[in-house]
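Student: Sequence:
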Amino acid sequence: MNQHNDAFECFLADENATVAIGKKLSQAINEGAVIFLHGDLGAGKTTLTRGVVQGFGHTGNVKSPTYTLVEPYELTNQHVYHFDLYRLADPEELEFMGIRDYFENNSVCLIEWPEKGAGMLAQADLEITMEYIDSARKVTISANTDNGQKIINKLNNA
180 MNQHNDAFEC FLADENATVA IGKKLSQAIN EGAVIFLHGD LGAGKTTLTR
230 GVVQGFGHTG NVKSPTYTLV EPYELTNQHV YHFDLYRLAD PEELEFMGIR
280 DYFENNSVCL IEWPEKGAGM LAQADLEITM EYIDSARKVT ISANTDNGQK
330 IINKLNNA
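Under our numbering, read the sequence shown as residues 180 to 337, first letter to last.
These aren't lab readings, by the way, just hints derived from the structure by calculation.
What you are looking at is a predicted structure, and each value in this text was computed from that prediction instead of being measured.
Check before you lean on any hint, since a few could be wrong.
To be verified - FRET-style restraints, in silico, Cβ to Cβ: (1) C189 / E274: 28 to 38 Å; (2) E194 / E274: 29 to 39 Å; (3) E310 / T245: 29 to 39 Å; (4) K333 / N195: 27 to 37 Å; (5) E283 / G236: 17 to 27 Å; (6) G298 / N195: 18 to 28 Å; (7) F190 / G277: 35 to 45 Å.
Here a beta-carbon is modelled for each residue, glycine too, at the ideal position from N, C-alpha and C.
All chains, please: the whole structure from these sequences, using the hints.
Tutor: Structure, rendered in structure tokens:
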């Protein structure tokens, strides 16, 4: 695993700012990515995902796939898959649903509660941690791969 030290950090005042950072993230992704989303319930993981999906051109509703595990968005130029593993009882369930097929080249996979799928998920290019600091949300995006570092570099230079 490569060591990548640069990160992207920001504070988000409200839901609109969270959607906006998701859209900015979508503009920095060129070749697909696996993105792990960390944070407590209500931290804004699905809201940030909504921004990413909208940034790729989706105009409909973006809902959390809490009960279905995955919500696919087959867009013109990008396949985006939003996973919510909060209710996953056993990581083996991911094998039965064909999880590996989602990590195809050029797809963007955003995964909430990735620790629940340990051992079954592709390596994350990016890890996004969302936490409450006073009345704002702090977002930290860190890279685990060269692709992830390219995305961070674009975010930091945008």
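Student: None of the hints should be skipped; say for each whether it holds.
Tutor: To see whether the hints hold, each was checked on the structure:
For the hinted restraint 28 to 38 Å between C189 and E274, the CB-CB distance of approximately 36 Å keeps it satisfied. For the pair E194 and E274, the supplied restraint of 29 to 39 Å holds, since their beta-carbon distance comes to about 35 Å. Judged by the Cβ atoms, the range 29 to 39 Å given for E310 and T245 is violated: they are separated by roughly 21 Å. Checking the proposed 27 to 37 Å range against K333 and N195 shows it is violated: the Cβ atoms sit about 22 Å from each other.
For E283 paired with G236, a C-beta distance near 19 Å keeps the hint of 17 to 27 Å intact. Take G298 and N195: their Cβ atoms lie about 37 Å apart, and the range 18 to 28 Å is violated. The hint said 35 to 45 Å for the Cβ distance between F190 and G277, and at roughly 38 Å that hint holds.
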